[in-house]
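Asks: Listed here are the chains, written in short residue letters.
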Amino acid sequence: MQISVTINGKQESGEVEPRTLLVEFIRYQVGLTGTHVGCDTSQCGACTIHMNGKSVKACTLLAAQADGQDIQTIEGVAPVDGPLHPMQEAFRDNHGLQCGFCTPGMIMSALAMVERHKGEDLDEQTIREELEGNLCRCTGYHGIVKAISAGAKTMQGGA
Amino acid sequence: MYAFDYKKVASLEDAQKVFESADDGTFMAGGMTLIPTLKQRLASPTDVIDLDGIDELRGINVDSHSVTIGAMTCHADVAASSDVKKAIPALAHLASLIGDPQVRNRGTIGGSIANNDPAADYPGALVGLGATVHTTKKTVSADDFFTGMFETALEENELVTKVSFPIPEKAAYQKFPNPASRYAVVGAFVAKTSDGIRVAITGAGPTVFRVPEMEKELTGSFTVDAISDIAVPTHELNSDLHATAEYRAHLIGVMAKRAVADCG
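Respectively, the protein sequence lines represent chains A and B. Heads up, the first sequence stops at 159 in my numbering, and the numbers go up one at a time, no gaps. Heads up, the second sequence stops at 264 in my numbering, and the numbers go up one at a time, no gaps.
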């Protein structure tokens with residue numbers, strides 16, 4: 001079947017099987033390999049993307065379900081040749097990544113978290129609860145939580 | 001995954017027609033259980049019928065005596081709804097504890113109750129509040145809807161359309177989540193309603209159930225002490241790698257007491 005999806009503002013069309021996963025379409029057909037497949041069982045969150053502004057796991061959606069929808073992946077959060085997004089910068093500054101495999105999913109979850117808590121203080125407890133759907137096998141959660149806290153502050157215009 | 005045909009439908013009539021014409025069709029709501037099931041080849045439907053395009057199944061409506069939630073409303077919307085938080089805070093709280101944020105953005109109330117996983121949260125709220133399930137064929141009380149492990153009163157080609165929850169005087173939900181999956185090892189929903197006290201337990205048995213002894217004692221005195229000596233028999237409880245029946249029986253007491261305390 002033919003599908004057409006807006007990914008990072010660009011129209012991407014392709015022929016997929018009904019059983020093709022969205023993450024497979026994004027990685028193998030569109031060629032955006034920043035979205036990772038960690039567990040493939042909707043637990044680890046390495047495949048987290050935004051669909052219509054909401055964080056979802058791309059390994060637990062069919063590509064067909066994304067037909068006509070608006071998707072953002074890690075490649076779309078900052079301009080290709082421009083500076084990093086403040087949340088990406090915060091991960092770099094706060095030792096928010098070790099091996100880096102979970103990082104794209106962590107950042108997509110972090111951005112959704114900031115959006116959900118707009119105008120509120122994103123405290124450590126909230127960040128840890130909201131990270132329920134993302135696993136870091138390096139167990140580097142302290143740095144990740146610090147990074148999200150710092151990134152959120154920058155995004156909300158604080159310091 | 002085995003191969004299947006994907007059909008997206010825009011109305012309940014279309015959904016039922018497509019199901020009728022399929023050899024072995026299955027409906028998909030949020031897909032949070034169905035897609036993992038398909039991946040493990042535990043199901044091999046010929047047709048997956050996606051209900052996501054049926055707008056009439058989505059939405060939350062609150063009036064002076066009830067909260068009505070459309071079957072395709074996702075958990076995140078219920079958890080974030082200021083109307084639900086005001087009318088039945090325990091219901092919004094329960095929705096906020098399901099899975100993780102990404103799952104809550106896709107998973108739906110209709111999908112959850114139609115699947116009736118023994119460890120799902122929503123059955124606790126439906127039975128705990130004495131909700132009414134509306135389907136394409138009938139209107140049925142929550143007490144009669146959940147019939148067994150992964151089994152409900154739904155017939156073939158019958159879809160949940162919405163669920164109505166009467167607004168209780170007070171209610172609370174307490175669960176002991178599996179630390180990895182966040183499914184309920186045991187969840188207790190306690191409510192003081194105009195029809196009396198209800199105590200519903202999810203996660204512990206093959207399907208959600210009420211505890212009449214606790215309801216009776218709480219009717220006499222709505223206090224934690226009133227139920228502290230009640231032991232739930234273990235012979236009908238689940239025993240698996242997550243918890244033994246004895247442990248679940250113990251947790252029922254603990255979670256029910258916490259829920260009563262939470263009612264204030």
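Hints are supplied without guarantee of correctness; some may be wrong.
List time: in silico BS3-like cross-link candidates among lysine-lysine, alpha-carbon distance up to 27 Å [claimed, not checked]:
hint : chain 1 : residue 1 : chain 2 : residue 2
1    : B       : K170      : B       : K86
2    : A       : K10       : B       : K170
3    : B       : K7        : A       : K118
4    : B       : K216      : A       : K54
5    : B       : K85       : A       : K54
6    : A       : K54       : B       : K8
7    : A       : K54       : B       : K7
8    : A       : K118      : B       : K85
9    : B       : K17       : A       : K10
10   : B       : K192      : A       : K54
Hints were generated in silico from the structure; no laboratory data involved.
Asks: Taking the hints in turn, state whether each one holds.
Replies: Against the structure, the hints:
For the hint linking B/K170 to B/K86, the alpha-carbon distance of about 12 Å falls within 27 Å, and the restraint holds. Simply put, A/K10 and B/K170 have alpha-carbon atoms about 50 Å apart, too far for the 27 Å limit, and the pair is violated. With a C-alpha separation of about 37 Å, the suggested pair B/K7 and A/K118 falls outside the 27 Å cut-off, and the hint is violated. As the CA atoms of B/K216 and A/K54 are separated by approximately 44 Å, the hinted pair breaks the 27 Å bound.
As the CA atoms of B/K85 and A/K54 are separated by approximately 21 Å, the hinted pair is consistent with the 27 Å bound. Between A/K54 and B/K8 the alpha-carbon distance is near 21 Å, which keeps this suggested pair within the 27 Å criterion. With a C-alpha separation of about 23 Å, the suggested pairing of A/K54 with B/K7 holds against the 27 Å cut-off. As the CA atoms of A/K118 and B/K85 are separated by approximately 18 Å, the hinted pair is consistent with the 27 Å bound.
With a C-alpha separation of about 35 Å, the suggested pair B/K17 and A/K10 falls outside the 27 Å cut-off, and the hint is violated. Restraint check for B/K192 and A/K54: not satisfied, since their Cα atoms lie roughly 35 Å apart, outside the 27 Å limit.
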